[in-house]
Amino acid sequence: MSEPILSLRELSVSVETREGPRALVDRVSFDLEPGEILGLVGESGSGKSVTCRALIRLLPSSSLSVTGGSILSRGEEVLTMDDRRLRRLRGGTIGMIFQNPTSHLDPVMTIGDQIMESVRFHRSVGKKDARARAIEVLTQVGIPDPVHRLTNFPHEFSGGMRQRAMIAVALACDPEVLIADEPTTALDVTVQAQILRLLMDLRDRDGLSIILITHDLGIVAQSCDGVAVMYGGRICERGPMRTILGDAKHPYTAGLIACQPGEAPKGQPVRTIPGQPPTVGAMPSGCRFHPRCANARAACSETQPAMVALAPDHDLACHYPLGASEGGPRA
Amino acid sequence: MKAARSTLARGGWRLSFGGGSLPLYLGMGILGIWFLVALLAPVIAPYDPILQDATARISPPSLEHLFGTDNFGRDILSRVIWGARVDLQICVFGVIFPFLIGTFVGGLAGFFGGWMDNLFMRLIDIVLAFPFLVLMLAIIAILGPGLGSFYLAMALVGWVSYARLIRAQFLVLKNADFVQAAVSLGYGPIRVMVRHLLPNAILGSVVFSMSDAVLVLLNGAAISYLGLGVQPPTAEWGIMIAEGQSFISTAWWITAVPGFAIVSLAMGFSLLADGLGELLGVKE
Amino acid sequence: MTQESPLLEVENLEVHFHRGRSFWPGAKSKTVRAVNGVSLTVHPGETVGLVGESGSGKSTFGRAVLRLEAPTAGLVLFEGVDVARGTRGDIATLRRRTAMIFQDPYGSLNPRMTIGDALAEVLRVHRLVPVDRIPDRVGELLTLVGLEPAHATRKPGDMSGGQCQRAGIARALAIEPRLIIADECVAALDVSIQGQIINLLMELRARMGLAMIFIAHDLAIVRHLCDRVAVMYLGRIVEEGPTEAVFTAPRHPYTATLIAAIPDINPDHRLPADPPPGDPPSPMNPPPGCPFHPRCAFAIDDCRGGGPPTPKGDRDHWGACLLPPSVFSPSFQPNDEPPSGDV
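Residue numbers (this note's numbering), protein chains in the order written: chain W, 1 to 331; chain B, 1001 to 1284; chain V, 2001 to 2343.
Source of the hints: derived by calculation from the structure; they are not laboratory data. Since we're looking at a predicted model, the values are computed, not measured. Fair warning: there could be bad hints in the mix.
Said to hold, decoys possible - Derived DMTMM-like pairs (lysine to aspartate or glutamate); straight-line CA-CA distance at most 20 Å:
(1) V:Lys2155 - B:Asp1117
(2) V:Lys2030 - V:Glu2014
(3) W:Lys128 - W:Asp113
(4) V:Lys2030 - V:Glu2009
(5) B:Lys1174 - B:Glu1243
(6) W:Lys266 - V:Glu2069
(7) V:Lys2155 - V:Glu2176
(8) W:Lys128 - W:Asp145
(9) W:Lys266 - V:Glu2009
(10) V:Lys2155 - V:Asp2117
(11) V:Lys2030 - W:Glu117
(12) B:Lys1174 - V:Glu2069
(13) W:Lys266 - W:Asp247
(14) W:Lys266 - V:Asp2227
(15) W:Lys266 - V:Asp2136
(16) V:Lys2030 - V:Glu2079
(17) W:Lys266 - V:Glu2014
(18) W:Lys128 - W:Glu117
(19) W:Lys127 - W:Glu156
Claimed, not checked - Now the stretches of chain V that chain W is said to cover, found in silico as 3 or more residues with beta-carbon under 8 Å:
(20) 2172-2179
(21) 2187-2198
Glycine is no exception: its CB is placed at the ideal position from the N, C-alpha and C atoms.
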């Protein structure tokens, strides 16, 4: 395996609350290999979006701060970069797209201008070259008639086209990594299928590496190579997609899979995970999933399970993994 | 988005300590002091505010008269203290009537829309077509000078701001899910308006009324200054300034002290408006 | 077919909105035909799924049934009474017997009212229980939806999304409805919470004999929950039938497309390599002929002109498509295809 293109080690992000700092993201580690689509799965409040914004040091509020760990982009530490390097990183090396293209595209600038602005900011090229690049990148994301579309404003695009346009802006400077934060949640299923297809094409054709944040395991199954499952600000299980979906060892991962309404016989109750996802103010002790876990025992509420490799590429943080023989807590 | 929604839902009436900011407490403090002063005027005022002392005309601040006396020999401190009663009354009544009328009219226009909305909006346009002060002066001139006329004029002119605020809020909230839910549960229009729309729409107006109080205070003072409001010899800050202005080069204290009183009261309302706005999450 | 008389009969319902009024007098304002001739019948105790993408008019339809939108044309018969043109009294009766559950769990509850007050208000306004019984009934309702009676003192802002949605369901149940219209009622919830709400709805349905119109874009949930499904596209129902029949042997290419586009959790069930192009078009200017033809891989010339296709198939399961279902629905065996004709 080649050197990872992006590598997180023990990244922690805290939020300042009235009761003092609280960890939103707690020692999260994962690698993104070149040409990989990594699914980052979790429910609301799992810290998946915050993790990815921390990756390019774009934390949404000043009360959030990175409190530890390291982020290596091609071996270079992101957390200590100066502003100049950081600006090159954002957009130049790592592009980002969001759930809602309407609020992340500038409504008073044409799509062409938004792409050209990014190109001209990152590469000192003339207007003509920037325009050529804009046409190229619009073609790349499958927007028909790109020459004409350059002069359109975001509101003149349909929902799916707007998401494509946002991807085009993110790809303008040919980044190596695309962070996609719930990119299809606001879209209709047929359009979602188009955007997922586009992301996979970008990976296959242009070698783009993608971190895909989602709550939908179906999307993970259809488009991701690797999966990291987050719960309560921690990664509880990570591994190759087929391993995670087919042979999940963490009760939370298995619970999420069993929750899919298609998994239960018609008319029978759907399997559920009881209780609510934890909130920042009230994180359970030990393993954060233990209050909702059917397998929980005393050790689960006392000590935090360490991340252990089950296989070279399958890591798990659980005291009593599914399918393991009964007995005392795993060392 | 989820977070934003839940903070909106959480921003209820929480005037407990610990939730607000410095401007809020400062504003509440200043207003509290003035309300106390007005309440205790007979106790704390050292002199009768309209008692003339021919022996002590235009005397500068001294131990005997802390803020000096005016050209009739009346104690400025006592007049400012008694004036607080009149000026606070002006603020309260000058705001409450427009607030009530505006909320009522704006609510009806926003909720029912259609011809009612058209009618009230055109009425608002007509009122807004005249300069505020000119219209007020015209109304007072017709009704005759005095505080009653002033309040009536304020009510006739000032309601438009409140009506527009409430109407805008109603138009937005009318389509909110919880209002649609109330309609779908078969509640009548009055219940939907009073129980569901109004409590959620009124905050902006409450905050605005605090800054409006400043305007009303200054208007009241201006009207009195022009001789159309409170009549002498009643102690009122606007009149005091008007009376003192011919002595401004020789006896600054006659105008400066009531002037300072007006500024501090206005500031109190302003700070309270800011603090409340911040606390309740209202954007003006 | 059910022997009972239908609870709700909607015939040729149309809801139009006028957009973009022009400054110039005489210039035509644009008409959005959000719901354009929809007929649907719901029997007591039956759950009908209404699926479609944005702009299909499924939410507008649900709101129009409750008269939250004024219908432009058509009939809405609730227990035999036409409420589309009903008196205020008819509408009040309708709203006492039909309740709605909304998508946004926080937004559908008044943020300044406690849950208990919101429930008590329903009971008081409709005089459902004696005044002194109200607190007990509030507690019962909260227990019924899996909350604690103590939640009565909370405000929506102090509860999680799932708890708010349960409170919303409790409020809907407070009027003891016969029909519930659930508009995307789990779409805003976390996956692990969605299942809890679906189970609650299934349990309540079984216990109270509720009829339900379940409006959703999530086909997997609809398949699990609903007896019948109606698929909407651009303000029209393009296919209607028993759930399993619709999912296994769709009679309209749009339904087939929609089903194929759901990302399956089984990685071996791949998404189609070439998903249908384009977005759902705007109801502002629907295409002539079959509204789906610009995105349909099977469209022939006849699809592109004239009016929308008439329903074909049988009364129980029909699709508004000119083509025989075996063209776009491989599981449709030509030999068990009923003789196609207008319904």
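Evaluation of the provided hints:
no.: 1; hint: V:Lys2155 - B:Asp1117; verdict: 33 Å, violated
no.: 2; hint: V:Lys2030 - V:Glu2014; verdict: 16 Å, holds
no.: 3; hint: W:Lys128 - W:Asp113; verdict: 12 Å, holds
no.: 4; hint: V:Lys2030 - V:Glu2009; verdict: 29 Å, violated
no.: 5; hint: B:Lys1174 - B:Glu1243; verdict: 51 Å, violated
no.: 6; hint: W:Lys266 - V:Glu2069; verdict: 34 Å, violated
no.: 7; hint: V:Lys2155 - V:Glu2176; verdict: 23 Å, violated
no.: 8; hint: W:Lys128 - W:Asp145; verdict: 18 Å, holds
no.: 9; hint: W:Lys266 - V:Glu2009; verdict: 27 Å, violated
no.: 10; hint: V:Lys2155 - V:Asp2117; verdict: 9 Å, holds
no.: 11; hint: V:Lys2030 - W:Glu117; verdict: 36 Å, violated
no.: 12; hint: B:Lys1174 - V:Glu2069; verdict: 13 Å, holds
no.: 13; hint: W:Lys266 - W:Asp247; verdict: 24 Å, violated
no.: 14; hint: W:Lys266 - V:Asp2227; verdict: 10 Å, holds
no.: 15; hint: W:Lys266 - V:Asp2136; verdict: 35 Å, violated
no.: 16; hint: V:Lys2030 - V:Glu2079; verdict: 35 Å, violated
no.: 17; hint: W:Lys266 - V:Glu2014; verdict: 33 Å, violated
no.: 18; hint: W:Lys128 - W:Glu117; verdict: 12 Å, holds
no.: 19; hint: W:Lys127 - W:Glu156; verdict: 24 Å, violated
no.: 20; hint: 2172-2179; verdict: violated (count 0)
no.: 21; hint: 2187-2198; verdict: holds (count 8)
Checked against the numbered hints given earlier, the structure breaks hints 1, 4, 5, 6, 7, 9, 11, 13, 15, 16, 17, 19, 20 and satisfies all the rest.
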